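Just so you know, the sequences run in chain order D and V.
Be aware that the first sequence starts at 3, since it is given in this note's numbering, and climbs by one per residue.
Be aware that the second sequence starts at 3, since it is given in this note's numbering, and climbs by one per residue.
No lab work stands behind these hints, which were simulated from the structure alone.
All of these numbers come straight from a predicted model, not from anything done at the bench.
The beta-carbon is built from N, C-alpha and C at its ideal position, and this holds for glycine as well.
Worth double-checking, as some hints may not be accurate.
[As the list claims (entries may be wrong)] Capping the alpha-carbon separation at 30 Å, the derived lysine-lysine pairs in DSS-like fashion look like this:
| # | chain 1 | residue 1 | chain 2 | residue 2 |
| --- | --- | --- | --- | --- |
| 1 | V | 188 | D | 279 |
| 2 | D | 259 | V | 212 |
| 3 | V | 188 | D | 291 |
| 4 | D | 192 | V | 254 |
| 5 | V | 192 | D | 254 |
[To be verified] Some chain V residues close to chain D (C-beta under 7 Å, calculated; not the full set):
| # | residue |
| --- | --- |
| 6 | 31 |
| 7 | 120 |
| 8 | 178 |
| 9 | 180 |
| 10 | 188 |
| 11 | 197 |
| 12 | 238 |
| 13 | 239 |
2 protein chains.
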Amino acid sequence: MSKKYNVAIVGATGVVGKEIINILEQRNFPIQSLTLLASKRSAGQVISFNEKAVKVKVLEENSFKDIDFALFSAGSSISEKFAPIAAKSGAIAIDNTSFFRMQDDIPLIVPEVNGHAIKNHKGIIANPNCSTAQLVMALKPIHDAATIKRLVISTYQSVSGAGKDAILELENHSRYLLKGEDSEPKEFVKPIPFNVIPQIDNFVDNGYTKEEMKMINETNKILESEINITATAVRVPVFISHCESVNIQTEKELSTKKVRDILSTFPGVTVLDDPQKSTFPTARDSSGKDDVYVGRIRKDISQKNSIDCWIVADNLRKGAALNAVQIAEYMIANPSK
Amino acid sequence: MSKKYNVAIVGATGVVGKEIINILEQRNFPIQSLTLLASKRSAGQVISFNEKAVKVKVLEENSFKDIDFALFSAGSSISEKFAPIAAKSGAIAIDNTSFFRMQDDIPLIVPEVNGHAIKNHKGIIANPNCSTAQLVMALKPIHDAATIKRLVISTYQSVSGAGKDAILELENHSRYLLKGEDSEPKEFVKPIPFNVIPQIDNFVDNGYTKEEMKMINETNKILESEINITATAVRVPVFISHCESVNIQTEKELSTKKVRDILSTFPGVTVLDDPQKSTFPTARDSSGKDDVYVGRIRKDISQKNSIDCWIVADNLRKGAALNAVQIAEYMIANPSK
């Protein structure tokens, strides 16, 4: 019989935590025991897993005894404190927050792209930002084939990236607005219903937001590259899935046929690209799905060796929960010697 | 007493036609008589103008007798047929459709940018596409100061650009979706509520859409430039106003301070750009306003002599109705010799 694992989820009642639970179930992850952890406020809730009721416990320093994989998705300060404790207890901490991502000795992993880098872990492995994960999935085969020199990215990011309350705000405030009633934004700096907001996370000194700098820095760490990147991250009134309009300049020329071919054969990427039939991915098409979808692939008429494309994925799945579970699966399939 | 003019609006019951009527009223356009024209289906409606009821008449070949300005916004085939008839009758036809825009002998005008080119008109003057008008307003002072070499544009365009039925579809289908009911899209190729759709207008052979090619070609015609441009035009679930994420590469270097300065002094442009206070334009901020708003101005860290910015305007006003009325105003203020 193949081995089974003791898995803990930190932040089990959050949007990503719940998606991790769904994904472990859907993928028949080899689970011995599932420990659901959260803050005092959320502890006591009962969540169904494989048709059994699992009670959410309070996260404590001794929560990680005998745990093999601890999946963190409860905010940076929680990961900062508890991921090292989990690692010290012998667990592999797979962290979905930004806290460890850019640390030199922490691997930042998208298994299909740089699974090999997991081998350098010291108990903690970082999961990239949602907008980065889907981006590098589409970029990796292109970078391998033609070496990417520069990227200009504009994003269309759903509210679920901002958590449960943000989802409720879009839903409720949209309802109010359709009745002609206004409402004060709480989760966003401006009203989100029927609006677009060009700010995600706080601003840094160079005029970019942290979200934009995450995409820029994390992409180069994962691809082990020095691509010149600029990005504008924008929140749109969509519940699930992020879309990205990406302009890619490569060193070598690539035909659009070649781009479609190499993307189609890359694991976890699906090309949806037949303009004459209006075949391209939209946010809602990709919600609840695992793959990263790419469409609108065309030669950029403004510059040599450049292509435009449109990259879409479920930000809660490949952008967060699915990728975290895939990291654990990769480690099981590729045990270190 | 200053002269007053006989004005006709073709497509008076459409979204843009109605906005033209509002704007003529708000700006105290010197009107002698207002003739409202539409198809048989819409004729007979009564619209209030300056507190008087004006009955919409059927558009006919003899509708333009004694008309000084005929503002067209009823579709390309109507303009193709009737704008030359209006011009022949002695009116100035100001056309908001794409039909005449790229014809060599037709001026394509945004008054603040290239009002001087009106002088070459032969009775027909074209109004640019909504996404072009706001773009060239922000680009003109930058191009004059530093010569733009290349643009990478991604748009976030509201449904009002697609007309009355598109506005109703977003409103009604959003309401259904919030009740958990699905609905078949009619005005869009995919569902628009809580979604983004990377297609506006039909595709052409190079993989771009007509909307994207309009932005590219019209921008260079208006700026009398040969800027290399790529664009991705995307529909978002917003009622009014288009947003544009624009990456601008210039020949000469420009500081962000300089960019803010030259934009601030350009007529019709307002800079809203203080990231630390979350000051930047959003779609809803600019709805119902005349100016083009620019924010998120920053040095592009990926390339020399490049800046990123975020350009927002009411697509029905500066993008259509306001610009058409401003063309007439410019001609009144600058009579040809």
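Consistency of the hints with the structure:
1. For the proposed pair residue 188(V) and residue 279(D), the alpha carbon gap of about 16 Å is at most 30 Å, so the pair holds.
2. Straight-line distance between C-alpha atoms of residue 259(D) and residue 212(V) comes to about 22 Å, which keeps the hinted pair within the 30 Å bound.
3. Between residue 188(V) and residue 291(D) the CA atoms are separated by roughly 25 Å; this keeps the pair inside 30 Å, and the hint holds.
4. This hinted pair does not check out: residue 192(D) and residue 254(V) have alpha carbons roughly 35 Å apart, beyond 30 Å.
5. Between residue 192(V) and residue 254(D) the alpha-carbon distance is near 35 Å, which puts this suggested pair outside the 30 Å criterion.
6. Nearest Cβ of chain D to the Cβ of residue 31(V): about 30 Å, over the 7 Å cut. The hint is violated.
7. Interface restraint check: residue 120(V) against chain D, minimum CB-CB distance 29 Å, threshold 7 Å, status violated.
8. Evaluation of the residue 178(V) hint against chain D yields a violated restraint, the C-beta minimum of about 11 Å exceeding 7 Å.
9. Here the hint on residue 180(V) is kept, as its CB sits about 5 Å from the closest CB of chain D, short of 7 Å.
10. The interface hint given for residue 188(V) is broken, as the beta carbon of that residue sits about 14 Å from the closest beta carbon of chain D, more than 7 Å.
11. Interface hint status for residue 197(V): upheld, as the beta-carbon distance to the closest one in chain D is roughly 4 Å, under 7 Å.
12. Interface restraint check for residue 238(V): the shortest CB-CB distance to chain D comes to about 6 Å, inside 7 Å, so the restraint holds.
13. At a threshold of 7 Å, the smallest CB-CB gap from residue 239(V) to chain D is about 5 Å, leaving the interface hint in force.
Violated hints, in rising order: 4, 5, 6, 7, 8, 10; the structure is consistent with all others.
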